Amino acid sequence: MIPLYPAIRALSPLLLGVRFVVATLIVGFLSAQLMLPNKALSQSLGASSQIDIRHSLDIRYALGFDKGETQIAEVSYRPELSGRLNDGIDYFVSARVRAFSSQMLEQGTMSNQGDSRSHINRRSFIGDNIELELKEAYADIFTYNGYLRIGKQTVVWGQADGLRVLDQINPLNYREFILGDIEDRRIALWMAKLEHSFADITAEFIWLPDHSYNDSPNSGPFKPTSPRLVPRLSESFRGTVIRQPSDRPNRFIRDDDYALRLSGFSQGWDWSLNAFYFYDDSAAIDVEGELGSKVILSPSYKRSLLLGGSASNAFDKLTFRSELAYQTNKHQLVNNKPGLITLNKTEKFDQISSVLGLDYQLSANTLISGQLFVSALLDSGDIDQTYNSATLLARQELLNDTIILEGLIIHDLDKSDGSLQLSAKYYLDNAITLKAGMDIFYGDREGLYGQFREASRMTVGLEYNF
Amino acid sequence: MKPNINRAKFRKALSLKNSVLSIALSFAAASTLQAEGDSIEPSTLSADNIIAKVNARPEGEHVIRNFSIELRDKNGRTRREETIAHRRYFTSDKGEQEKRTIIFYTEPSRVRGTGFLTYDYANPNRDDDQWLYLPALRKVRRISASDRGDYFLGTDFTYEEIKKEQKIEASDYHFKLLGEKEIDGRQLLVVEGLPAKPQIAEELGISKAIWHIDPSIWMSRLSEFYDQNGNHSRTMQLEAVEEIDGYLSSKQIFISNHKTGHSSRIRFSNIDYASPVPEKLFTQARLRRGL
Chain A
1 MIPLYPAIRA LSPLLLGVRF VVATLIVGFL SAQLMLPNKA LSQSLGASSQ
51 IDIRHSLDIR YALGFDKGET QIAEVSYRPE LSGRLNDGID YFVSARVRAF
101 SSQMLEQGTM SNQGDSRSHI NRRSFIGDNI ELELKEAYAD IFTYNGYLRI
151 GKQTVVWGQA DGLRVLDQIN PLNYREFILG DIEDRRIALW MAKLEHSFAD
201 ITAEFIWLPD HSYNDSPNSG PFKPTSPRLV PRLSESFRGT VIRQPSDRPN
251 RFIRDDDYAL RLSGFSQGWD WSLNAFYFYD DSAAIDVEGE LGSKVILSPS
301 YKRSLLLGGS ASNAFDKLTF RSELAYQTNK HQLVNNKPGL ITLNKTEKFD
351 QISSVLGLDY QLSANTLISG QLFVSALLDS GDIDQTYNSA TLLARQELLN
401 DTIILEGLII HDLDKSDGSL QLSAKYYLDN AITLKAGMDI FYGDREGLYG
451 QFREASRMTV GLEYNF
Chain B
1 MKPNINRAKF RKALSLKNSV LSIALSFAAA STLQAEGDSI EPSTLSADNI
51 IAKVNARPEG EHVIRNFSIE LRDKNGRTRR EETIAHRRYF TSDKGEQEKR
101 TIIFYTEPSR VRGTGFLTYD YANPNRDDDQ WLYLPALRKV RRISASDRGD
151 YFLGTDFTYE EIKKEQKIEA SDYHFKLLGE KEIDGRQLLV VEGLPAKPQI
201 AEELGISKAI WHIDPSIWMS RLSEFYDQNG NHSRTMQLEA VEEIDGYLSS
251 KQIFISNHKT GHSSRIRFSN IDYASPVPEK LFTQARLRRG L
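Residue numbers (this note's numbering), protein chains in the order written: chain A, 1 to 466; chain B, 1 to 291.
Just so you know, the hints here were simulated from the structure itself, not pulled from any lab data.
Source: prediction; values computed, not measured.
Cβ coordinates follow ideal geometry from the N, Cα and C atoms, glycine included.
Incorrect hints may have been included.
[Said to hold, decoys possible] With a straight-line cut-off of 30 Å between C-alpha atoms, the simulated BS3-like cross-links for lysine-lysine are:
| # | chain 1 | residue 1 | chain 2 | residue 2 |
| --- | --- | --- | --- | --- |
| 1 | B | K280 | A | K152 |
| 2 | B | K139 | B | K164 |
| 3 | A | K135 | A | K302 |
| 4 | A | K435 | B | K139 |
[Stated by the list, open to error] Derived DEER-like restraints, expressed as beta-carbon distance ranges:
| # | chain 1 | residue 1 | chain 2 | residue 2 | range |
| --- | --- | --- | --- | --- | --- |
| 5 | B | A52 | A | K317 | 29 to 37 Å |
| 6 | A | Y360 | B | A52 | 32 to 40 Å |
| 7 | B | A274 | A | A311 | 37 to 45 Å |
| 8 | A | L132 | B | Y226 | 53 to 61 Å |
All chains should be built: construct the whole structure from the sequences, respecting the hints.
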């Protein structure tokens, strides 16, 4: 039985946001229909100039199992504008207005943005219930055998699903940890990407002057507590904890990130070689203090170099995917010696990570996919610092692909914790999609997934594209 | 991690691009054959010769075209998807022809930007190479070749039908000429095909096919398919053909699934055999960037 009261209560503060979204919708609609009529404008600018305006509305509700409380009640409106100029430049702009019932997922976000976001990449808030964000804004300038993309954008590397080995270019928002649409969780960055093809190889060079990093909630059901992610104070500590603002890099050029990728297709294999000179998106947290007095937590971002590659191929109904990466200067929380102020501490290692994936197409409508992720900190001495996890995905399509059922298990092989995500989508028509799902975390509360056992939930949603 | 379009659908769509593009080209070839057809008395041909005529239609070196897919369920609810596709033949280092096709979805919004790339090799023993770009994931994914009898893109066409573009793989069947039949004022040749091996029957998902071939264009105007249990499962109709840039091109194909009550119609438009299709279009980098 689903308690109705939390849902009703959630709707009250949501009304303000809904009104704002409705107003925005009206403005968007008018701009699309009156100010910028697509067909007329396209005709007036000629065949080589086109403007395309689209809108989507996403309504989500999530109910936590643990206390029967509303976890999410929000409406997102996303307008998109794209087109091509006469001189051969393409452009794309998208924004998001999100109205939510409360800041339950990201309380304190407004005042703490400077910890992780650069000045040019921050969200705006109207009151406590409405968030505005420029999601992407870029232009493509075409060159011979390539193009230059400048602006706020997202770049995804690698072949793995959900497990990040090479996929390190853009930071993520962890307001729902690993749940929710990955597209919504990626944080686009201001950057310039030059892509050029020569022979059968494509080269990609990226310059990222935007010093923005992962967003992590300070409160709510997805506030991290696992000692793998945050320092854990000794139980005997009775003093004061002071958290310093993050030491975020801010020097132009010198603190910017740089990336290079070569990719190609040879003898049936897709391959890539990747290099990324960057600041790790997860802050390293140094701890200073003494038992019985105070402790100071000082987060800072550390420079790192990632070298790696990927390979994939298909064999009949089987698709093989793989990634391998070597990362220097990885700062990781590891167990501390007994009797000290914290149970864990940040140490610096080099890290090697890999993922192997197999997709098996049982039939045109049924897919089974498994992945094995293995990671190890090098030169960690007597500290056992290997991380192993596995994923299993099953997807079934029904009624001429109008219904999609999906189940995904992510299991930590070391801590025996994990998550189970079940979802169903129904494409009512081309515009409306109905969604329902269930997200369950299980296992050790000290684990990466088990820490969110109380955040298990059921979700419903509706997406409207127009 | 949850794409708007599932992988199987993409694979199917990839095949669709082949079929759609090839269909236009196939029909173009038919124009060349038309003169030959007129000079031969169809009733003197064997079933194998008729199928050879069907398969001899030229497809053109390259083509650009839009196609829309109309899907209608048994309750009359209709969905429509729009795409743009490019196809071009390449010659490998070994002198073998391979067909490359790239297709992008333009409508509806939830699948806009989805792209498929396929390399279809002349060697029948070599699987196609196929890639899918999912905007929701922002990744180009390698995808496996599908069973030929699987339905693609949520439609009622099979991979094989899409890929062959109104042609018929001769080695798959034993053919028999059943005679002639007049439909809509046209005198059509009726050819029956029985799968040559049980394995082929399983791959294609059929026990028998009957084609009604128009000797004026060497294409089947009406095709009937029977499932592995012998039940009449699907009917395909060629609804419109047009000569474009010197090639006969199918403009509209309809297929109904008698088992599910679902039907599909493909309409081709803006078919262009003349404009150049650059080789560098058929790359994963282009999939990522979009058209």
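(request) Could you tell me which of the numbered hints above are not met by this structure, giving the numbers in increasing order? (result) none
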